[in-house]
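K.L.:
Single-letter residue listing:
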Amino acid sequence: AQSVTQLDSHVSVSEGTPVLLRCNYSSSYSPSLFWYVQHPNKGLQLLLKYTSAATLVKGINGFEAEFKKSETSFHLTKPSAHMSDAAEYFCVVSAARMGEYGNKLVFGAGTILRVKS
Amino acid sequence: SAVISQKPSRDICQRGTSLTIQCQVDSQVTMMFWYRQQPGQSLTLIATANQGSEATYESGFVIDKFPISRPNLTFSTLTVSNMSPEDSSIYLCSVDYSGETSGEQYFGPGTRLTVT
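Chains as they are written, first to last, in my numbering: chain A, 1 to 117; chain B, 1 to 116.
Since the hints were derived computationally from the structure, they do not count as laboratory data. A few of these clues could be false.
[As the list claims (entries may be wrong)] No more than 30 Å apart at the CA atoms, straight line, and that leaves these computed lysine-lysine pairs for BS3-like:
no., chain 1, residue 1, chain 2, residue 2
1, A, 116, A, 42
2, A, 69, A, 58
3, A, 116, B, 7
4, A, 58, A, 42
5, A, 58, A, 116
6, A, 42, B, 65
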């Protein structure tokens, strides 16, 4: 079965400093992994996805994540935080099996990112 | 990407009543999903709704409590039946619009339900 562990429930950074949101996954086979962001009172937005292509994935708003199979990790990073990055971030693994699509997503517990001015 | 709308955006309901939430997509999609996000928590999948077949429910969710309709490829409803305060949550629909094997999904804005 697939599962996701987000190692920090809250992360606080100063504006202009790097962001690191940590995620470890468990999967029976090669997973698809995603990061979604949820701003207050707004819907979920896909930041980036990993689907067995390049292990370093670039997303929107300057975010990127690196898939490390040996560490079963998919940490989200950004070189320089902006005030608008303050939101809740979810690491997600797809339960999709090879050759199928549209299977359920398993969400991590979420990490709330606070950006201080 | 898909444009997904939900109605209502929020509601306050009395316990014991039922609420039907609508999800409309701007293009035809095979697979739609319903999630619940309880206060301060992550998202949990309630069920998968495919057009032309019965919805598939996840462990802990039953059809009598959360009946789902999927009359066509652009629309679905979720009903929260016989509500109690524990049903206060945000309910979200999503679609797999990409058609890829990755399972990438796009989400509606959510329906914020408060049960008093």
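K.L.:
A separate judgement is required for each hint: does it hold in the structure or not?
P.N.:
Status of the hints after comparison with the structure:
no.	hint	verdict
1	A:116 to A:42	21 Å, holds
2	A:69 to A:58	17 Å, holds
3	A:116 to B:7	35 Å, violated
4	A:58 to A:42	23 Å, holds
5	A:58 to A:116	24 Å, holds
6	A:42 to B:65	27 Å, holds
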